[in-house]
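Asks: Sequence:
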Amino acid sequence: MIVFPSLIKGECFEIKIIIPEEEEKYEEYINRILNSRKNEKDINNYQEKHHIKPKSLGGLNTPENLIYLYAQEHYYAHKLLAQEYPKEKGLQFAWWNMC
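In the working numbering, each number is its position in the sequence shown, counted from 1, plus 152.
No lab work stands behind these hints, which were simulated from the structure alone. Don't take each hint at face value.
No more than 30 Å apart at the CA atoms, straight line, and that leaves these computed lysine-lysine pairs for DSS-like [what the hints assert, rightly or not]:
1) Lys207 - Lys231
2) Lys177 - Lys231
3) Lys231 - Lys193
4) Lys190 - Lys231
5) Lys201 - Lys168
6) Lys193 - Lys177
7) Lys231 - Lys201
What follows is a set of in silico ranges between Cβ atoms, one per label pair, in the way DEER data are often shown [said to hold, decoys possible]:
8) Thr214 - Glu240: 18 to 24 Å
9) Pro215 - Lys168: 21 to 27 Å
10) Ile195 - Gln224: 16 to 22 Å
11) Asn213 - Tyr237: 18 to 24 Å
12) Glu166 - Gly242: 30 to 36 Å
13) Ile167 - Gln244: 24 to 30 Å
14) Tyr237 - Glu192: 24 to 30 Å
15) Glu192 - Gln244: 28 to 34 Å
Where a beta carbon is used, it is the ideal one built from N, C-alpha and C, also for glycine.
Using the sequences and the hints given, assemble the complete structure.
Replies: Structural data, given as structure tokens:
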């Protein structure tokens, strides 16, 4: 985990970015994020919605399949997916679009 300061309206907040551990799989990474904090939008800091089960793998656009991630976490999630599914072009495309 990396802690970044975030300055909003003159107040400093800590953002706890969770980075993947060595050899950690995508599902383990997402579960670690879900277990470390509630899946609620951080209104003080920029976050992006991410499909837990990717739409290209049959995931639905439902609240149960969405998680709020900080931009760096979102990048790592897509990187892990691309590594685990190297032949899935949609996942490769999604990861490369984040670069």
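Asks: Please go over all the hints and tell whether each is borne out by the structure.
Replies: Hint check results:
Between Lys207 and Lys231, the direct Cα distance comes to roughly 16 Å. Compliance with the 30 Å bound is thereby established for this hinted pair. For the given pair, Lys177 sits about 10 Å from Lys231 by alpha-carbon distance, which is consistent with the 30 Å threshold. Between Lys231 and Lys193 the CA atoms are separated by roughly 22 Å; this keeps the pair inside 30 Å, and the hint holds. Annotation: proposed proximity of Lys190 to Lys231 holds, straight-line Cα distance about 23 Å (limit 30 Å).
With a CA separation close to 17 Å, the supplied pair Lys201 and Lys168 stays within the 30 Å bound. Between Lys193 and Lys177 the alpha-carbon distance is near 24 Å, which keeps this suggested pair within the 30 Å criterion. The straight-line distance between the Cα atoms of Lys231 and Lys201 is roughly 16 Å, inside the 30 Å bound, and the hint therefore holds. For Thr214 and Glu240, the Cβ-Cβ distance of about 21 Å falls inside the hinted range of 18 to 24 Å, so the restraint holds.
A hinted range of 21 to 27 Å for the beta carbons of Pro215 and Lys168 is consistent with their spacing of about 23 Å. A C-beta distance of roughly 19 Å is found between Ile195 and Gln224, which places it inside the suggested range of 16 to 22 Å. Checked against the given bound of 18 to 24 Å, the beta carbons of Asn213 and Tyr237, roughly 20 Å apart, stay inside it. Range check, Glu166 to Gly242: Cβ separation about 35 Å, and the 30 to 36 Å hint holds.
The hint said 24 to 30 Å for the Cβ distance between Ile167 and Gln244, and at roughly 28 Å that hint holds. As the Cβ distance of Tyr237 to Glu192 is approximately 28 Å, the hint placing it in 24 to 30 Å holds. The beta-carbon spacing between Glu192 and Gln244, approximately 30 Å, falls within the hinted interval of 28 to 34 Å.
This entry satisfies every hint, going by the numbered hints stated previously.
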